[in-house]
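2 protein chains.
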Amino acid sequence: MHHILLSGGFGTRLWPLSRKSKPKQYLSLFKGQSLFEMTLLRNQVVCNQVTVIGNTDNLQLSKAVEHILGDNTVRYIVEATPRNTAPAIAFAAFQVDKEAILLITPSDHIIEGDTGYQEAVLQAQKLAEEGNLVTFGVKPTHTETGYGYIEYSGNTVQSFREKPDLATAALFLEKGNFLWNSGMFCFKAGVYLAELQKHAPEVYDASLTAWKNSTNGELDLESSLAIPSLSIDYAVMEKSDKIKVVPATFQWSDMGSFEAIYDYLLRNGFNTDANGNMVIGETDKHVSFVGLKNTILVYTEDAILVLDKSFSQDVKKVYDTLAAQQSMLLE
Amino acid sequence: MHHILLSGGFGTRLWPLSRKSKPKQYLSLFKGQSLFEMTLLRNQVVCNQVTVIGNTDNLQLSKAVEHILGDNTVRYIVEATPRNTAPAIAFAAFQVDKEAILLITPSDHIIEGDTGYQEAVLQAQKLAEEGNLVTFGVKPTHTETGYGYIEYSGNTVQSFREKPDLATAALFLEKGNFLWNSGMFCFKAGVYLAELQKHAPEVYDASLTAWKNSTNGELDLESSLAIPSLSIDYAVMEKSDKIKVVPATFQWSDMGSFEAIYDYLLRNGFNTDANGNMVIGETDKHVSFVGLKNTILVYTEDAILVLDKSFSQDVKKVYDTLAAQQSMLLE
Chain A
4 MHHILLSGGF
14 GTRLWPLSRK
24 SKPKQYLSLF
34 KGQSLFEMTL
44 LRNQVVCNQV
54 TVIGNTDNLQ
64 LSKAVEHILG
74 DNTVRYIVEA
84 TPRNTAPAIA
94 FAAFQVDKEA
104 ILLITPSDHI
114 IEGDTGYQEA
124 VLQAQKLAEE
134 GNLVTFGVKP
144 THTETGYGYI
154 EYSGNTVQSF
164 REKPDLATAA
174 LFLEKGNFLW
184 NSGMFCFKAG
194 VYLAELQKHA
204 PEVYDASLTA
214 WKNSTNGELD
224 LESSLAIPSL
234 SIDYAVMEKS
244 DKIKVVPATF
254 QWSDMGSFEA
264 IYDYLLRNGF
274 NTDANGNMVI
284 GETDKHVSFV
294 GLKNTILVYT
304 EDAILVLDKS
314 FSQDVKKVYD
324 TLAAQQSMLL
334 E
Chain B
4 MHHILLSGGF
14 GTRLWPLSRK
24 SKPKQYLSLF
34 KGQSLFEMTL
44 LRNQVVCNQV
54 TVIGNTDNLQ
64 LSKAVEHILG
74 DNTVRYIVEA
84 TPRNTAPAIA
94 FAAFQVDKEA
104 ILLITPSDHI
114 IEGDTGYQEA
124 VLQAQKLAEE
134 GNLVTFGVKP
144 THTETGYGYI
154 EYSGNTVQSF
164 REKPDLATAA
174 LFLEKGNFLW
184 NSGMFCFKAG
194 VYLAELQKHA
204 PEVYDASLTA
214 WKNSTNGELD
224 LESSLAIPSL
234 SIDYAVMEKS
244 DKIKVVPATF
254 QWSDMGSFEA
264 IYDYLLRNGF
274 NTDANGNMVI
284 GETDKHVSFV
294 GLKNTILVYT
304 EDAILVLDKS
314 FSQDVKKVYD
324 TLAAQQSMLL
334 E
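If you read the sequences in order, they're chains A and B. Residues in the first sequence are numbered consecutively from 4, following this note's numbering. Residues in the second sequence are numbered consecutively from 4, following this note's numbering.
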């Protein structure tokens, strides 16, 4: 099986930890390893080849840690401009045999429970060998409005649902036949390309042209800009009739917000004070909280964020304000 | 008139700004000047002599800024151990002529409005010359439970009241004939000593013995420990029938909490963000607050305090905890 690691993304809701020069998947926040490294190692057990797809800025960050795979060499596909997941996965599929099974994963998610993960991957591999496009669904643990949902029965997908409002998320949780859409996939390269060609021919054609113009995995800007920017969910998964889902039992998080990181750190022995306040980031300074609950202080070299945990999504507003000012604090 | 500057006190509710090595009255937080310096300069206008009473640790901090008074020399009385205000003021009275008028002030309060202050002092001086013990009362601006109150009519004190609960403070504010007890006094040295001898003879006798044993204003530990530790309010003001009050119109604060400092800084052009959050202390770091209102981040070299402004009194609990641990963070 061939691990396809998508290393794009920035993590705007994790500023000031996440920076343009070091997006969240490369931060060494988690037991001294980055999410990127943890993803590489987790999939080395089930895959014998790896391709990392990302942009020029991320390439050096990715190469800096490839040694953790030992002798297992890593291939790189370098995008000239972000075109979303449908084209990125097409590039990965073009470079291998049509019968090769691809396991697509983001690089900025966390999975706890190796056994559960490997069981889910083996189940997906089997379904992929039978010619299906397999998505991984995660059992919801709370009413989450930040993820898409998959309505399912066994391995059958009944519908994909956009990010719901709170009432709808509660209904999904109550009904019990809904899974979080994890953004991980498994399928034969040839099956994906055939379905992409069928349901999003413009994406397929432009991606193929760009791939033919690429050199050693490096895409060129001009033909990349001609590719429609579409997600695999929108371009293929929501339209194909070859979709299967594997309901996964492992603990999963997209680590998309400080609340997610806070919860992960708590589960892994990191301390808060008596009122649930936590310091994230390295500092020698003593930090005391008074009159505050569930507050997170994020400490970095040049910026401090003080955050009520339940407002974690609003960190993006700070990012956007700084971006509008072209602030160096994002670099 | 002789300015008697009481420089004791630590400012436990201003940790981590206030430290044992630099109590709050010596911090250069206010327009580059410390409260100690501001108090010296404010009273230079109305007094031609100054005596600073404090402990050994504070002596060098006091001497370091005496140059701001120019040719006006400063006398120092150095206490061997804190004995509260009644003995400290007795030492100051012993060293001068009995007819000398003393103006007693703390060193860690702030007064805004020079004219109002000078008017109040001149009025107090006149009443002191007539043989009264004069206290300064401040018109309350809000229901404050952290101060004692003075019930008054004109210059007559009707009663002293301990720190009230919130309902009582509201009643005082509504009635309109109550003033905050500011901790500033004006009287003839001889009148104070006579009233102290009358109402607290043990304090008077022990203070006199200690003063006789002192060398160049330096008290010795053994005879100091024999002095009962009593405040001037308790020992004299609440008992004497020679008390007068000057209702003052200036803006006054004891700067006893971060809320008081926050309010002062706001009045003096210091900024908060749109939700009333403020950074106090010097840092080059950018600080963002998300999902929080009226939060204060206090930044120092080795400690950060994050505080909901309305819990400012609770900072003392952090101090007490660190004190119990004999933490270096208090030094």
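The hints are simulated quantities; they were obtained by calculation from the structure and are not laboratory data. Fair warning: there could be bad hints in the mix.
A pair holds if it fits inside one copy or across any two, identical chains being indistinguishable in the list.
[Said to hold, decoys possible] Taking lysine-lysine and the DSBU-like style, the derived pairs with C-alpha atoms no more than 30 Å apart in a straight line are:
| hint | residue 1 | residue 2 |
| --- | --- | --- |
| 1 | 142 | 245 |
| 2 | 312 | 245 |
| 3 | 178 | 245 |
| 4 | 319 | 296 |
Each hint, compared with the structure:
Only within a single protomer do residue 142 and residue 245 lie at most 30 Å apart by alpha-carbon distance; the minimum there is 22 Å, versus 80 Å between protomers. When the C-alpha separation of residue 312 and residue 245 is checked against a cutoff of 30 Å, the pair qualifies neither within a copy, at 40 Å, nor between copies, at 58 Å. Only within a single protomer do residue 178 and residue 245 lie at most 30 Å apart by alpha-carbon distance; the minimum there is 25 Å, versus 81 Å between protomers. In this assembly of identical chains, residue 319 and residue 296 lie within 30 Å of each other by CA distance both inside one copy and across copies; the values are 22 Å within and 18 Å between.
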